[in-house]
Structure formats: structure tokens, C-alpha cells
Amino acid sequence: MEVSNVIEGLKEQIWYEGQMEHVELLPAQGAEYGDASFDERIKDFLDSRGIDLFSHQARAINLIKEGRNVIITTPTASGKTLAFNVPVMDRMLNQSESRALYLYPTKALSRDQLQTIKEMEAALDLELEPRVYDGDTPRGARPKIRKESRIIISNPYGIHHYLEWHHKWRDFFQNLDYVVLDEVHSYRGVFGSNVAMVIRRLKRILEHYNSNPQFVLSSATIANPLEHAEKLIGESFSLVAEDTSFQGNKHFIFWNPLSNPDNSAHNQTSKLVSYLVNNDLQTLCFTLSRRMAELIADWSSGRTEEAVRAYRAGYRPEERREIEKELREGELRGVAATNALELGIDIGGLDAVVISGYPGTITSSWQQAGRAGRGDEDSLVVLVGFENPLDQYFLKHPREFFERDNERAIVDTENPNITMGHLACAATELPVLDDEFLGENYSAEMESLVKQGVLQETPNGAMFVGDFRASAAVNLDNISSSTIKVIHNGDLLETMDVEQAYREAHENATLLHQGRKYLVKDLDLEERVARVSWEEVDYFTQSASRTKLEVEAQESVNKFKDVTTKFGRVSVSELYTHFKEKKYDRVIGVHPLDLPPLEFETESSWFRVPEEILTSVEDKGLDPEGGLHAVEHALISITPFYAMCDRWDIGGFSTRQHVEGGGAVYIYDGYEGGIGITEEVHEILDELLESTLELIDDCDCDEGCPSCIYSPKCGNDNEPLDKRAAIFILKELGKRFGYS
Amino acid sequence: MLSKTGVSDSGSGSDYFSRIGPGKNDPYRMKERLLEKYRDSDILDETEFSIIENDYGKTLHRVERINKPFKTPGTQPDDILSDLKLIHGIGKTREQELKEEGYATVPELIDHDRWGEKAASIVRLFREDDIQKAYGILRKWKNLSDPDLVKLAGLLEKEDFAFVDIETMGLSNQPIFLLGIAQPVAAGILVHQYLAGDLNQEMATLVQFSRKLEELGLILTYNGMNFDIPYIERRLTYYGNRVKFSHPHLDLYLFTKRFLGEEVQNCQLNTIERSVLGIERDFDVPSRLVPDFYKTYRESGNPGPLLPILAHHRQDVLSLADLFQKITEVTLDGSK
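Quick mapping for you: the protein sequence lines, in order, are chains A and B.
In terms of the working numbering, the first sequence opens at residue -3 and continues consecutively.
In terms of the working numbering, the second sequence opens at residue 23 and continues consecutively.
Treat the hints as calculated values from the structure; they're not laboratory data.
A short, non-exhaustive set of chain B residues, derived as facing chain A with CB atoms under 8 Å:
1. TYR78
2. ASN195
3. ARG256
4. PRO313
Ideal placement from N, C-alpha and C gives every residue a C-beta, glycine not left out.
Using the sequences and the hints, build the whole thing.
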């Protein structure tokens, strides 16, 4: 059915009460084509598939063939993959020993790309033995792959561990001509900084083998692509950003569920999905949680003839492959997924995308919206905003959404908490010859490692003498490696991480899996197993938690004019206290939970806000809690400008009732043990607070907005927040800190 | 005990090593006692190690002559050449047929229409003492515990034998701090020990060891194919010295498993020593604590904890020599 007709039809539905706050038409764009020079055989291959190169693809190919490092940031489905596969295949055809390394952030993506490469290889009559080489590759298969495969697909976690055995990779490294990194916008914050260090270690080893490959990067749109590429790899890059592929009209609807208060946002989402599927539009719905993906799929299926399936990371690989295939082939008409489907897995273009809840960044929003659109046909995107102030803000100010810059990706190669671990790893790979480590000077860190007995100087450079495995001691990201297995009748149903299990697989929780309901009989945290049985109950469960922060040890203080700020170790705990049994939106039961708190210890910087300030806030009829909470959010927004981190790397906590009276605001590192971010800003807290005041005060909004006090990851749904209270508090603090 | 050349002559063995004393059941208490006893001492005082300097720095070396007889299998090339299957293309059936036709050895096939050329080149290898190439041929058709490999070893002089064992700080990529070679000579067996006085001497130590090893013609180890030799090569590569030892290599663990395995509880060297070779050791540091003991020595300079490791290592290479003779007995008895 025609998209515009579908939209009109939507307005006739019973449950439609004016939810469409805004409809933006992103107009169709004709394609621009271009030419590039490469092997005839590849041209024949493209011709046989009816593929003409878009100018941005041609431009990228030409730049790569010229020998430059290139970063491509055109949207998903713009043919980025071809832009780097063509030059790589061209080299493979013309140089028999050439090798290429492809790195992806997830295993699912790795396997997806393998298929694409194999197709091209077959069509070009090449024998490259392309293989995935990662944690899942059996030991016995590895030597053959290293020896024979000319294209190896892996991921940064793997490379981090393999570098110590680089002599086994000698042939591969010596002949390495290309290193391709996809989805590099995901390499940001602390994770990105770790990946940048792994790349530096890789380059150091490549240099040892006299190898100097080109780097080709692909990324979602971010505000600073060139800077990011150069930070990540340590070399200069050329940028290809203009999307010249064709696009059909994209109708972008902003949907506000609040206009129909009788139906919850989730309910309306599922009604939208069923409606679209019933009107023959292949629809993908992105949800904010794995549970919601299951629920939406379940509810929508109840109203459609065609099945609507759920998709998420915890599914077994075979299940995910099946769903991706059915989507690609058009068989599966509706899917509700988490952002696991956001990254480039090939599922073809869909007719409609429903985004259920603002995903937190503009970049993600466009990644998700980018899944809509088949060639030059019309497509539809519906952004369903939830009740929280952040979502509502965008619904009411659509221009802010459409004109907003994508986020910046930030990488820090100077944080010793991050770099020292990698220097130790490097010393297990080759003795570290001098203090210059690929362009950066790490002499202070090296000295520290020697003092700690981790490294020892030798006439050949510093060697590793620690009695632990260096690569095992360095974690690239914060993802806990402990997973819980969900078992049904002795078989593995799916996996989830510990935090998720607390939230969704506690005893007596309902667990949806592919439309079937299971009840959790028992969650065994020691054995890491959740046992479920299949029960068709007519309700679902939802758990609730409370966050607490406790100071474990104060380590230092900083004295400003009339106030002292503190820094030290804290423990942040999330306690799941009870769960509700619900039928759609109605609560039919509440039960307590007996789970230990999820705790992690980290470092934090905090300051107290004296009672007199908060009382004055109340006297003005403003909300002191809302003010403190808003200050906390704004402080977190500001920190990345001072500490080279990502806002997702830090957390915050505020309270109206500090034990010593008055209130307090805490910011902490989001990493077990701390990572040095708040330690750095603790010294200059006065500067940060001054900038925070400027941020909020200068903001044109009335009550608050995502630019100042709304946070995309607030555990409290951005409630309570009081902009005016925040300004007052910060001005009063200014007198005591000595700013403004 | 010390002769002028720095080689010590010992009788049945380890006089000063046996000064260690009782308490062999608790390694930590033993370590304490050793630290106390050797508190004001240093490695050069307590042992016959001397400092050697090469292009890669300093290292410690010790050589000791043990008065122990050693006999090689003393085989002749023709002992191996009676196996017609050495020729590519001749399997059990063909060998049977050819033997029935009267061809008892490979040399007798030199005039054969089909197999003549191949037979000739093999005979050349064995008779010209190109042991490396001969080993290559045997490796292609034989498995690693085939008695023909023992016969091959018998073609060499005993001075060419290198029984090798190492001590490391871990199991995969951590530094090697001690390497040993037991080399049979006319008047007994020479035990060479190469010790890194500190981990930053590892490279110099590896190089000193490698130089000695390159002088010899045959490597014999216990599980060295999987562990010792690749480990040494890996550590040399780490320092930028890409070396691959091209010696013929007999891994006695494989022979032990095949020919002695049924009579013993397990094939750990300790067990074999006790059950098959009749060797009992005094206090012995458990393998998993070896890195810890070396670390203590390294951090304190106190040679105490190092002494039992040196003794243990010394016995390891000597046991290998005994084990080889036992294996020769078991595999070649009657089949010569």
C-alpha cells in the first residue's frame, strides 16, 4: 500500500486522537553515479548484478586506490561495503600474496560480512579462503587460517589477545595491504580509547614486519569523523561523507502517545506495528529494552495474520541468522528488535521503521531510521516519544531533532589508567625499545610500570616480567563477561548478562522468547543458570529497582574559596526491590524480591550543597530535588569537554538528604575500580560548575531540554528536574566556589 | 671440587645440593629455612656458576662432569636400511612381496627398475651420515615413537647427544630462566646449566645456550616437541632472533608412553624415575612453585631458594640420559 495512503488511514483508526505531532517529509533524492578505475573482472561482476556505482562509492574507491586512508560515513544501505570490497578484491586479483584484515565490533557482523566476501570471491574466480578468526574459531582450525586465508575477519577483542603470538601471524602480517574497520563510531569513550591502543600495538608489530597497510574505516554519521579516525588510528585520513545513493521519499512521523492517555506508549507502539504490517508494509520496530522487543512482538502478533517476531542479542546465532534471512527475503513482515539490529547486518531495506522511545543519541536515531527505504520507494519512520521530558522535548521541537548535530566520538590515548595496561601488553609482544611508542611519549607510564615490577629494562628494551597474563588483565570494555544461561528442559534457550537476569529473570518473572511465555522457576546466581518452564500465563512481570551510593573511603579533598569538595572510593548499588504483575497496563499484583544488590565500586568526586541554599530554593516555590538532579545531569553533559571521555562513561547521583545536612551531588566513573575521569575533573570542579551554570543559563529553552538538563540515560526518566532551581543553586555555589 | 677449568667432578652427584636438609614436605617452610641459611650469601659463592658475557649481556654458566657410563645404541646404517618402507611408494604389502622376491634391504634395491633411483638416494643419505636429511625421511613415514628413530640416534657419536630441559616462569609466554644440556662424553656426562641471574639476562642466557646446542647433533627431551623447543624458539623470536633448531629430535615422552606406559601409573618424569629408573629424589620443589622460588631469589638476591631448583633441573637432564638407555633396551632388544 502506498505510504501516504497508509498515513491517512492511520488517522482513521479508533485509537487515533491526534498523536501525530509532526510529519516531516525527507524528500526523494536521485542517485548520482560515478566512475572509478579498477580491474575489468570486477566491472563485469558489478554489471552482471546490475550495480552502477554511486559517486560516493566511486570517490571512495578512487581515494583508496590512490593509497590514502579513507573514512566513509554515508548512511547504512548506501553501499559502503562495496566501497571497500572493490579495492580489496582489485588488489587480491592483481597481487597473489596480498592480505586484508577486516575488524568488526560484533561477531554477528563478522559472519554477515563473510557471506558478502564469499560471493564476490566466487564471482571473481578467486581463492581467498576468507575466514572468521575469533573466540568461536576452534583451536585446530587456526593455524590453517593464519597460513592460507588471504582475508581474515576478526574483532578488536581477539586482536588484543592474538598480538602476543604475532610470530604465528608473520606471513599474514608481512603481506597485509589493507585493514578495514567497520562501525567505528562504536569505538568511542573508554572502549574506543582501548581499541585505539590495540591499533597502536598492532601497527607497532606491523612495523616490525616492515608492513604498512592502508586503513579503511566505515562509520555512522558523527560530528567529527576525521578527528575520530585520526585519533583511532594515528594517521591522516580522507573523508567521504556525501550520500549520493537514491532515496525515496521518507515520511518521518513524530508520534506522541500522550494524546491518547487510555493507551500506554507500548500499547500504541504495538498497535502501530500491527497496523503497518496489516497494510503490507514490512516493518521493523526498535525498542529500548530486550523485554519490550518480546512484548511488542507478542502483542502485535495477536493482531496480524503474518507473524511478528522478536530479535535480540541473547538469541542463539542460528535463530538470529534465520530471522535476518527471512527479513532479507521479505518473508518476515514484522520484527521488534533491540539496537542489536542497528549495526550494519544486511537485512535489506524495509518499508517502515517504528522507533519506540528515543534511543539516546541522534546518531542512533538516524541509524535506526536508516533501515527504512527500499531503493527509491517511499518509506515511513515513526518516532514514538515516551512520557519523559527528553522524548517530549523532541516531539514538541521537531526542528531541534532534524537540525541537531550528531554526537562527537571521543577517544583518549593519554589516560594512564588505559594506556599502562596496553604498554604492559606491548612488552609481552616485543621488548619496548624506547619511550616513544608510535608517536606518543609514555615515559612516565613506563617508569611507573618498571617501579611496579611489571616491566624490567634490558639492553634490548623493556620486557614484561609480571606473573600474570597481561592481555587477560586488560579489559577493553565494561561489559561483564559473566553470562547467565536460560535453560528450558535442559536445553539452552538464550543467554543474558547478569544485570539483565536480575531485572528480567528473577524467580517468578515471566520471560518471553519468540512469542512463547516462560516462567522463571529458579535463578541460580552461583551456577549462572536460570531455569524456566513453559507457561501460558496471561500477565507479564516488571521489576523495579532503587539506586544507592555509599562513600567507602575519602581519599582527598580540594579546598576552594568557602567550600571543600571530596574525592574517593564509592560503591554504587542497584537493588531490585519488587516486581509487578501486569496485564497490559493494569497492575494485578506486587511481590517483593530477595536478590542481592548489584554493586560496583568506583571513584567519585562530590560536593555538598548547604541547607540554606536548598531552603531558599523552596522559598522561591522551586523544587530543590529537581534542582540538584538537574545540576547532576548538566555536570555530566559538561564533563566530556574537560576529560576526553564519553558521557556514557560516567554516572551521577544526587540527594536532597545528605547525612551531614543539606544536599549533595556526586559524579563517578562508570567503570569498576574507576578509570581516572572523575579524578581528573575533581581538581577543576569549580571550572566545571561555572561552565555548567553557563550551559543552563544560556539555554533558550523554558523548562529544560536535551541540550542542558535532560539526560538520555536517566534511570528516573528525567524526573524531577527544575531548571530555575538549578540556576539558582549554581549561582549560590558560585559565591562559595569563587566563580561568577 | 673445583678444577681449574671450572668443571667440577662429582661422584654420584650433588654434594652441596644435599646440604639442604629435612622438611621436604612443606615447600614454604623449606624456602624460609633456605633464606635464613643463605642470608648473607650470593649465587657465585654457593655454586660453581661463573659469569659469562656475550654480545647480549651477562649470563651465568656452570658445567659439571658426572662419572656415569653412557652407551649409544651403536647402530650401523644397514640396521635401518632393512626397512624397505623407507622408500616412498612401498607399503607393508609391497615390502612383503619384495622381501619374498629376495630383496632384504634397501641397498639391494638399487638395481631395481622401479625403486632403484629412490633406493640409491636413501642409501646415500644414511651412509654419508647426512643425519638431518635421514631424519627427515624417517619423520615422513614413521611416527615419532618409532624404534627406527632410536636406531638413527645410534648412528651418531655420543658427544653429539644433547639432552635438554628448561625451567620457565610460566606455561606459555613468560621468560625462561634456566636451560640445561646433558652431553655424554668419553669420561662420563657433562651437565651444562645456563642461568639468568635476573630476567633481563634472559636473552644473553638463551643465546649462550643456543650456541652450545648448535655444536651438537641430536636433541632429546621429555615432551620437548610440544613444550621446551617451541618455547625456546618463541622467546628468541621475542628478542628478534628468529631461530628454528633443525636438529633431529627424539621426544622421550612419546617413547615412554608407548613402550613403558603400561607398567606405570602415569608418564610424569618423576613417576618414571621412581618406577622404572630407580631414582629417588631428596627434597624437590613442586613444579608449580618453581617460578615463585625464582622470584624470591630475584627480589632478594638470596641464592637459597634457587638451590633446590638448580638441583632439580640438574637431575632432570641426567634422568633423561638414563631414560634413553632404558628405551634403547626396550625398543631395540632383539630387533637389531
